[in-house]
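Q: Put together the whole structure using the sequences plus the hints.
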Amino acid sequence: MSDKAILNILYTNIGRGHPYYLDGVVNRLEKSHSNKIKLNIKDVFEVSSGIPLGLWRVIRYLYGAGSQGGAIGKFYEILRSTRGAESGGILTGLLARDICDFIKHNPHPTLVAHPLLVPMISGLVPVYYQHGEHAVPPEAAVMTARKIIVPTGQAADKFMGRGIPEKNLLISGLCIENELIDISETVYDNRIRRINSNKILTGAFFSSGAEPKKHIDKIIA
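Residue numbers (the working numbering): 700 to 920.
Please keep in mind that the hints were generated in silico from the structure rather than gathered at the bench.
Think of the CB as a built atom: it goes at the ideal place given N, C-alpha and C, for glycine as much as any other residue.
Don't take each hint at face value.
[Claimed, not checked] Estimated spans, in silico, between C-beta atoms of each pair: (1) R892 with V757: 47 to 55 Å; (2) K866 with K917: 28 to 36 Å; (3) T885 with F744: 53 to 61 Å; (4) N897 with D856: 32 to 40 Å.
[To be verified] Below, a list of computed lysine to aspartate or glutamate pairs in the EDC-like style, where the Cα atoms sit at most 16 Å apart: (5) K857 with E838; (6) K741 with D800; (7) K741 with D797; (8) K730 with E878; (9) K703 with E729; (10) K730 with E876; (11) K898 with D856; (12) K730 with E838; (13) K846 with E865; (14) K857 with E878; (15) K803 with E838; (16) K846 with D856; (17) K857 with E876; (18) K866 with D881.
A: See below:
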């Protein structure tokens, strides 16, 4: 029998950033802790079937279409802000059905990167929620997470402002892709030297792909 601890890692593979927040954690655990921890990696589409699978597909579509505005965008905003996950609504119960069955057969601590999953399974196993961004919308403040992993103290303050106890927050620092870790210090030092020099600086803007109109309005204001 293996003496390794087992960690469930459950992806949603929906949204713009959520599918990628866990990748760096998985890569680092596999690289540095494979002798201690066995990773049980699944996504909600893999463990769901029938009606629950169909509902997850609808949500994935809405996340993609919601950034485009119009009627679909409005519905997306309602879905994104609902607290139904914590109140145990019918829709959430259907979404959670097969996920809960999977967790019951794999009763191990579980790491997720989407707040919707936390209340679905927190009554079954300890759930750790990785929140990879500075913004803290109301739906991210899930009370039933064992720990919420946040990138900065600024994000932690926002969670506390939404009622999450400080003891439930873990500040990890900004998430950096594993491939960049080895060169990050050198690149940072080079950038600081350039900023402090008399050379012409280059500015850049980028789009993450998540483009609700209100975000675009703020960017160009």
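Q: Each hint needs a verdict: does it hold in this structure or not?
A: To see whether the hints hold, each was checked on the structure:
1. R892 with V757: 47 to 55 Å: holds (50 Å)
2. K866 with K917: 28 to 36 Å: Given about 33 Å between the Cβ atoms, the range holds.
3. T885 with F744: 53 to 61 Å: Violated, since T885 and F744 (Cβ atoms, about 40 Å apart) do not stay within the stated range.
4. N897 with D856: 32 to 40 Å: holds (37 Å)
5. K857 with E838: holds (12 Å)
6. K741 with D800: Between K741 and D800 the Cα gap is close to 13 Å, so the pair holds against 16 Å.
7. K741 with D797: holds (12 Å)
8. K730 with E878: Holds. K730 to E878 sits at ~12 Å (cutoff 16 Å).
9. K703 with E729: holds (13 Å)
10. K730 with E876: holds (13 Å)
11. K898 with D856: The hint is violated at about 37 Å.
12. K730 with E838: violated (33 Å)
13. K846 with E865: Roughly 10 Å between the alpha carbons, so the hint for K846 and E865 holds.
14. K857 with E878: violated (30 Å)
15. K803 with E838: violated (25 Å)
16. K846 with D856: Measuring from Cα to Cα gives roughly 15 Å; hence the hint holds.
17. K857 with E876: The hint is violated at about 24 Å.
18. K866 with D881: Given pair K866, D881 is violated - Cα atoms ~31 Å apart, limit 16 Å.
Checked against the numbered hints listed earlier, the structure breaks hints 3, 11, 12, 14, 15, 17 and 18; every other hint is satisfied.
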